[in-house]
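Enquirer: So the protein sequences, as listed, match chains A and B.
The opening residue of the first sequence carries number 1 in our numbering; numbering runs sequentially from there.
The opening residue of the second sequence carries number 1001 in our numbering; numbering runs sequentially from there.
No lab work stands behind these hints: they were computed from the structure.
Where hints are given, some of them may not hold.
Simulated coverage check for chain B against chain A, where a stretch passes if three residues somewhere in it have a Cβ under 8 Å from a Cβ of chain A [said to hold, decoys possible]:
| no. | stretch |
| --- | --- |
| 1 | 1112-1119 |
| 2 | 1241-1250 |
| 3 | 1305-1317 |
Glycine is no exception: its CB is placed at the ideal position from the N, C-alpha and C atoms.
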Amino acid sequence: MTFFLQLVVSGVGLGMIYALIALGFVIILKCSKAFNIAQGQFVMLGGYLGFTFLLNFHLPAWISLLAAIAIGVVLGLAIERLALRPLVGQSVLSVIMMTIALSTVLEGVGVLIWGGIYEPYKGGLPTFSLPPVGGVSISPETLDGIILSAIVVIALMGIFRYTKIGLAMRATAEDEKVVQSVGIKVTTVYAISWVIACVVGVVSGMLLYSISGVQQTMSDIGLKAFAVVLLGGVDSIGGAIIAGIILGILENVAPGYLDPLLPSGGGLANVFPFIVMIVVLIFKPHGLFGTARIERI
Amino acid sequence: MAIFRTKTQWLLLLLLLVFVFTMPLYSSDKTITTVTIIGITIISVLGLNILTGYCGQISMGHAGFMAVGGYTAAVLMAKLHLPFLVSVPAAGLGAGIVGIIFGLPSLKIKGFYLIMSTIAAQFIVIWLIIQMRGVTGGADGMSVPRPEIFGLAITSKASYFILVMILTCLATYLAKNIVRTRVGRAFIAIRDNDLAAEVMGVNLLYYKLTAFFIGCVYAGVAGSLMVNYIHFANTEQFPFINSVWYLGMLIVGGMGSTVGVIFGVVAIKLLEQLATTIGPVLANIFVPQVAASLALILDGLVIILFLIFEPRGLAHRWEMIKAYYRRWPFSQ
């Protein structure tokens, strides 16, 4: 039982970060109907930025976080203006291919600046420790992850609900032509959605860095976040959060019990999200909370 | 309507074939290696073009299907000692069947969802191969005996080059013809609007799975050729990033065009060669990481530029050049 609870606790920590990555993806999808394959690369860059600011520059945690967010904002604006704006009105496939190409370029930038090697986490973020409850201990990094992700999610929800730009974004998600006709600049909304996605990706990258260190293959986490997105339903923000936690727990629990049974050391954790993905796509393509669309000719 | 309509076209084809098949006589080993890899990649991307370019079912797991073919051939040749000429078609068949299994979701979903399910296919296939250690050697890989055709051992690079080129020509010829048949027209109807196609009487179940089968047979044959080329099968020969590059080659060449496939593969592969040639030079001048990152950045940028400025790819540009030549001196 303790083993199970321990797996669940670390699963929730991982799941919150998954939810955060998935959130960035869902925001872009809702606002501009673009599927962003490069979300995982934002996370990888965030991890390396965390490493640079915390370890190389010895900056305090909050300045590092702000600096990383600032870089995320610039990156988001640049990507939207240079790569995605020229494709407005093009087919879904072109936009997807654009984000795929972006992901390889960002991957290359990661190798160029940091060499793509593994950098372990050596402290830097503030830590709170809780005493173990009933044999279940929660590591300070996991707690950091849970707290910071919760803050970011609540802040985003607040922006969506109570600010004018949030209203514009929700309206754009419904119908961009109507939004344009009442005088809201859709391009601004697109730009802001990319900025939010970039910032969210960079922040979750820093959190992941504090849990498991950073390396080039960290960008694969973006692919796993797609399983979260699909499970929650691609256009549902609440769904992304719930599915993130579900998948984080499953990913920890299932391999914990099944890996010893498999030959070649298992490695089920790496492939588990993809199995979930296939099952969801076959049996419930719109996910748990997504809206099913009826297509007309 | 014949593929080649004029004597000039026949002459140009003949010149191309003579040029390709006499390459071992005057080219260096490095060039032969590059062109062999290009040939194998062309076979694989031809399959992706039928699946994605003609039938509109986007696959980002093509390298995974190549791995299925590669390992099928490797196991048949190394464990069961079957000849090369039996193993390669069997590899195609094996990959085709796996393709049908992972193509099943395509009946309910399309676009982004299908991309996700094919990405999942890529990772699940590679994971399964590593898990089946008893058969495939797991993460260590397995060695493959040298191919032999009718008692004739294919040992030198040049002889394998000729073999690959023959198969590439055959694959191109078949791909060009498949899309001119009833099946090919059904694929195009599905790509343009699958609901409308179904209303007109195209059986979506049958034709979508056929597209997956044909596309993955090509991938399987290419995978088995790849494994035979280096006499070793390893999951690292079929990474996820290759699946991405294959789609990129289609974009650069032009979707839904057989000649575009050849343009795209050659362009991206030459770009990679350029990156590996000038990478070390730049690494000496700047920082050492340039060598590793140059190919990623360069290829990604080329795909981005093509998407923005030439979305229909090199094949479209080629048509424009041909039209200009035909209408000369009245071309604009």
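Enquirer: Are three or more residues of the stretch 1305-1317 of chain B within 8 Å, CB to CB, of chain A?
Expert: Coverage by chain A holds for the stretch 1305-1317 of chain B (3 residues, Cβ < 8 Å).
Enquirer: Can you confirm whether chain A covers the stretch 1112-1119 of chain B, using C-beta to C-beta distances below 8 Å and requiring at least three such residues?
Expert: holds (count 6)
Enquirer: Confirm or reject the coverage of the stretch 1241-1250 of chain B by chain A under the rule of 3 or more residues with a beta carbon closer than 8 Å to the chain's beta carbons.
Expert: n = 4 at 8 Å, threshold three: holds.
Checked against the numbered hints above, the structure violates none of them.
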